[in-house]
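A.B. asks: Chain order of the listed sequences is W and H.
1 is the number of the first residue of the first sequence in the working numbering; add one for each residue after it.
159 is the number of the first residue of the second sequence in the working numbering; add one for each residue after it.
FYI, nobody ran anything at the bench for these hints, they're computed from the structure.
Keep in mind it's a predicted model, so treat the numbers as computed, not measured.
Even for Gly, the Cβ is constructed at its ideal location relative to N, Cα and C.
Warning: the hint list may mix true and false statements.
[As the list claims (entries may be wrong)] The list that follows gives simulated cross-link-like pairs (lysine-lysine, BS3-like), each with its CA atoms no further than 30 Å apart:
#	chain 1	residue 1	chain 2	residue 2
1	W	Lys-140	H	Lys-231
2	W	Lys-134	H	Lys-225
3	W	Lys-73	H	Lys-270
4	H	Lys-231	W	Lys-131
5	W	Lys-73	H	Lys-225
6	H	Lys-270	W	Lys-131
7	H	Lys-225	W	Lys-131
8	H	Lys-292	W	Lys-13
9	W	Lys-112	H	Lys-225
10	W	Lys-112	H	Lys-270
11	W	Lys-134	H	Lys-270
12	H	Lys-292	H	Lys-225
[Claimed, not checked] Beta-carbon label-pair distances, calculated as ranges:
#	chain 1	residue 1	chain 2	residue 2	range
13	H	Arg-185	W	Asp-81	33 to 43 Å
14	H	Gly-211	W	Arg-3	15 to 25 Å
15	W	Gly-143	H	Lys-171	20 to 30 Å
16	W	Lys-140	H	Val-230	16 to 26 Å
17	H	Lys-231	W	Lys-140	30 to 40 Å
18	W	Glu-107	H	Gly-295	41 to 51 Å
[As the list claims (entries may be wrong)] To spell it out: a stretch of chain H is covered by chain W in this simulated footprint if at least three of its residues, at any positions, have a beta carbon under 8 Å from a beta carbon of chain W; those stretches are:
#	segment
19	212–221
20	251–265
21	278–292
Protein chains: 2
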Amino acid sequence: MQRHTISVLVENKFGVLTRVTGLFSGRGYNIDTLNVGPTEDPSLSRMTIVTRGDDATVEQIVKQLDKLVDSVKVVDYRKGDYIDRELVLVKVHATSASRGEICQMAELFRAKVVDVQPGSLTIEITGGESKIEKFLGLMKDFGIRELTRTGQVALPRS
Amino acid sequence: MQRHTISVLVENKFGVLTRVTGLFSGRGYNIDTLNVGPTEDPSLSRMTIVTRGDDATVEQIVKQLDKLVDSVKVVDYRKGDYIDRELVLVKVHATSASRGEICQMAELFRAKVVDVQPGSLTIEITGGESKIEKFLGLMKDFGIRELTRTGQVALPRS
């Protein structure tokens with residue numbers, strides 16, 4: 001099943017987030033990642049949802065989101081040209097022997113080491129889906145201790 | 159009111175997100191930002207929630223989250239030493255006269271220009287709360303066209 005990125009601009013009202021997530025869970029639609037935060041307009045919040053499904057399913061989701069009283073604008077990024085980014089913080093097991101190699105890999109991926117502890121390194125990486133997956137795949141070999149992901153955000157190019 | 163960052167490790171089950179957000183909206187607790195994504199363990203998701211409130215309110219929130227059937231671990235990051243980061247994509251109005259200045263500011267904040275259009279620049283910036291707010295404050299003078307934020311994620315230092 002294909003991944004889809006949906007952006008929903010909603011009024012900054014109480015319970016909107018619950019209504020949107022309830023719409024997904026109530027209909028059996030899976031959410032891979034979701035985030036919500038303020039926008040340039042203090043009365044509006046933007047949610048970005050990554051979901052999986054065939055085209056018909058996603059079209060139905062978008063229609064349902066459009067119908068919500070509090071939704072101002074729904075964009076299905078399948079259809080357009082867009083920039084998507086995610087931020088991941090990952091704590092990797094590191095010994096005096098492996099630290100150098102981990103740092104070198106981080107550099108190659110333009111990731112930043114943001115914390116150093118005797119037995120671990122914490123790395124910040126941003127990018128699109130494939131870059132992040134590749135980096136995390138490499139880090140798995142060293143041992144991932146802890147991991148937190150923001151989920152994708154997206155903006156149209158045009 | 160103080161901002162608090164709460165991390166909730168939850169079982170990757172259907173409707174968990176709705177139960178967590180419903181807990182906030184049902185009790186009148188405000189959510190500033192929220193994000194949810196996969197972790198190092200495929201059976202678990204991690205949610206990071208930034209909320210505002212006095213200590214007693216936040217303590218109550220944490221207790222309620224702890225009681226949820228699907229929550230595995232709740233961390234209130236007020237209490238410990240942690241690293242927090244957020245990613246923001248911002249599209250700024252840019253003319254041939256202002257483009258250079260915007261790029262220079264982006265560089266000073268270690269932000270990246272990720273898209274160039276005739277009338278705008280799209281910039282990716284990551285950082286803690288104060289850095290992001292400062293950068294967005296500067297970009298406001300040029301004119302923010304569109305903005306999307308992931309909300310904070312956090313990992314403990316120790």
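A.B. asks: Take the hints in turn and mark each one as holding or not.
C.D. replies: Here's how the hints hold up against the structure:
1. As the CA atoms of Lys-140(W) and Lys-231(H) are separated by approximately 23 Å, the hinted pair is consistent with the 30 Å bound.
2. A C-alpha spacing of about 36 Å is found between Lys-134(W) and Lys-225(H), which places the hinted pair above 30 Å, so the restraint is violated.
3. Simply put, Lys-73(W) and Lys-270(H) have alpha-carbon atoms about 27 Å apart, close enough for the 30 Å limit, and the pair holds.
4. For the hint linking Lys-231(H) to Lys-131(W), the alpha-carbon distance of about 29 Å falls within 30 Å, and the restraint holds.
5. For the hint pairing Lys-73(W) with Lys-225(H), the CA-to-CA distance comes to about 35 Å; that exceeds 30 Å, so the pair is violated.
6. For the hint linking Lys-270(H) to Lys-131(W), the alpha-carbon distance of about 16 Å falls within 30 Å, and the restraint holds.
7. Between Lys-225(H) and Lys-131(W) the CA atoms are separated by roughly 37 Å; this puts the pair beyond 30 Å, and the hint is violated.
8. Of the supplied pair hints, the one linking Lys-292(H) and Lys-13(W) holds, its CA atoms being roughly 26 Å apart against a limit of 30 Å.
9. A threshold of 30 Å between alpha carbons decides the hint, and for Lys-112(W) with Lys-225(H) the separation of about 36 Å lies outside it, so the pair is violated.
10. A distance of roughly 14 Å separates the Cα atoms of Lys-112(W) and Lys-270(H); the hinted pair therefore holds under the 30 Å criterion.
11. Pair hint Lys-134(W) plus Lys-270(H) holds up; C-alpha atoms about 21 Å apart against a cutoff of 30 Å.
12. This hinted pair does not check out: Lys-292(H) and Lys-225(H) have alpha carbons roughly 38 Å apart, beyond 30 Å.
13. Restraint check, Arg-185(H) to Asp-81(W): a C-beta distance of roughly 42 Å satisfies the suggested window 33 to 43 Å.
14. The supplied range of 15 to 25 Å is broken by Gly-211(H) and Arg-3(W), whose beta-carbon atoms lie about 35 Å from each other.
15. The beta-carbon spacing between Gly-143(W) and Lys-171(H), approximately 27 Å, falls within the hinted interval of 20 to 30 Å.
16. Range check, Lys-140(W) to Val-230(H): Cβ separation about 21 Å, and the 16 to 26 Å hint holds.
17. The beta-carbon spacing between Lys-231(H) and Lys-140(W), approximately 21 Å, falls outside the hinted interval of 30 to 40 Å.
18. Between Glu-107(W) and Gly-295(H) the CB atoms are about 31 Å apart, so this pair departs from the stated range of 41 to 51 Å.
19. Coverage of the segment 212–221 of chain H by chain W is violated. Counting CB-CB distances below 8 Å, 0 residues qualify, and the rule asks for three or more.
20. Given a C-beta distance limit of less than 8 Å, the hint that chain W covers the segment 251–265 of chain H is violated, as 0 residues qualify and 3 are needed.
21. A stretch counts as covered by a chain when three or more of its residues have a beta carbon under 8 Å from one of that chain; for the segment 278–292 of chain H and chain W the count is 3, and the coverage holds.
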